[in-house]
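**Student:** Chains P and E are the protein sequences, given in the same order. So for the first sequence, numbering that gives the first Met the number 0 puts the first residue at 0; every next one is plus one. So for the second sequence, numbering that gives the first Met the number 0 puts the first residue at 0; every next one is plus one.
With a straight-line cut-off of 30 angstroms between C-alpha atoms, the simulated DSSO-like cross-links for lysine-lysine are: (1) E:K53 to P:K88; (2) P:K53 to P:K40; (3) P:K40 to E:K88.
These aren't lab readings, by the way, just hints derived from the structure by calculation.
Residue-level listing of the chains:
Number of protein chains: 2
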Amino acid sequence: MDERQATLAFGALAQETRLNIVRMLVIAGPAGMAAGAIAEKAGVAPSNVSFHLKDLEHAGMVGSRREARSIIYSANYDTLSGLIQFLMKDCCAGHPEICTPALAASCCPPAKTTKRRKVLQPS
Amino acid sequence: MDERQATLAFGALAQETRLNIVRMLVIAGPAGMAAGAIAEKAGVAPSNVSFHLKDLEHAGMVGSRREARSIIYSANYDTLSGLIQFLMKDCCAGHPEICTPALAASCCPPAKTTKRRKVLQPS
DNA sequence: TCCTCATTTTGATATTTATTGAAATATAGG
DNA sequence: CCTATATTTCAATAAATATCAAAATGAGGA
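Required output: the full structure, derived from the provided sequences and hints.
**Tutor:** Encoded structure:
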């Protein structure tokens with residue numbers, strides 16, 4: 000994920016309605032949800048949800064497919080995890096010692112342990 | 000991190016100048032950078048950088064301290080990792096099987112392995 | 001105190017974004 | 001075909017955001 004796409008993705012998530020949509024689509028899984036169902040559950044006008052879905056799609060956060068009369072939207076998990084990794088790359092950039100324990104495993108390069116050698120299993 | 004703060008944080012990162020600022024502050028570490036230095040390195044007018052820094056501070060992404068005549072800004076790593084965890088919570092919500100291998104460790108609850116038992120070390 | 005440097009605040013302006021309702025498009029069924 | 005349904009596009013408007021230049025604030029040093 001390059002900076003441009005990350006900026007789009009952040010912008011897409013920086014709005015209550017869109018964040019809600021992404022969350023419900025993530026939970027819905029690959030099956031996705033019809034635009035109308037999204038609008039109803041999110042409590043916004045169909046034209047407005049369409050506007051936001053277009054934005055999310057442009058940011059690569061969701062995909063769509065037609066199914067009979069409905070258009071089904073579903074979350075794009077690759078973009079989501081790409082964004083997480085983009086954030087993590089910056090998070091620890093140069094300063095892995097600051098990393099939260101919960102994140103350290105994925106966030107910081109496992110090969111490059113700072114100091115401390117010969118610690119695992121003294122047996 | 001609650002939804003409100005996450006929305007602020009996403010909004011803060013959804014802009015080229017601010018994203019640049021955050022990145023340079025993350026790299027700068029706890030020492031941080033003076034507002035003027037940030038403005039120069041980012042290539043924007045001081046008043047403009049001040050505007051963006053205020054936004055970043057409001058979102059909890061950076062902190063500031065006065066040091067002689069300068070005001071030093073530094074990244075808030077807690078917010079950054081909090082945001083990552085906020086994203087990860089959503090990423091896998093209900094669908095850990097989709098998780099990218101690189102993320103699975105931090106992203107998906109390690110206790111709840113789906114199916115497949117008695118697999119480690121058949122010895 | 002007065003002066004200068006570093007930064008912020010303010011005010012004006014241009015741009016982008018969000019929302020609404022009405023009209024247009026596409027699909028399925030009688 | 002004609003009608004009903006699902007969604008999008010369009011046009012208008014309101015609201016938020018980004019940018020610049022100029023004035024104001026605040027902290028040392030002569």
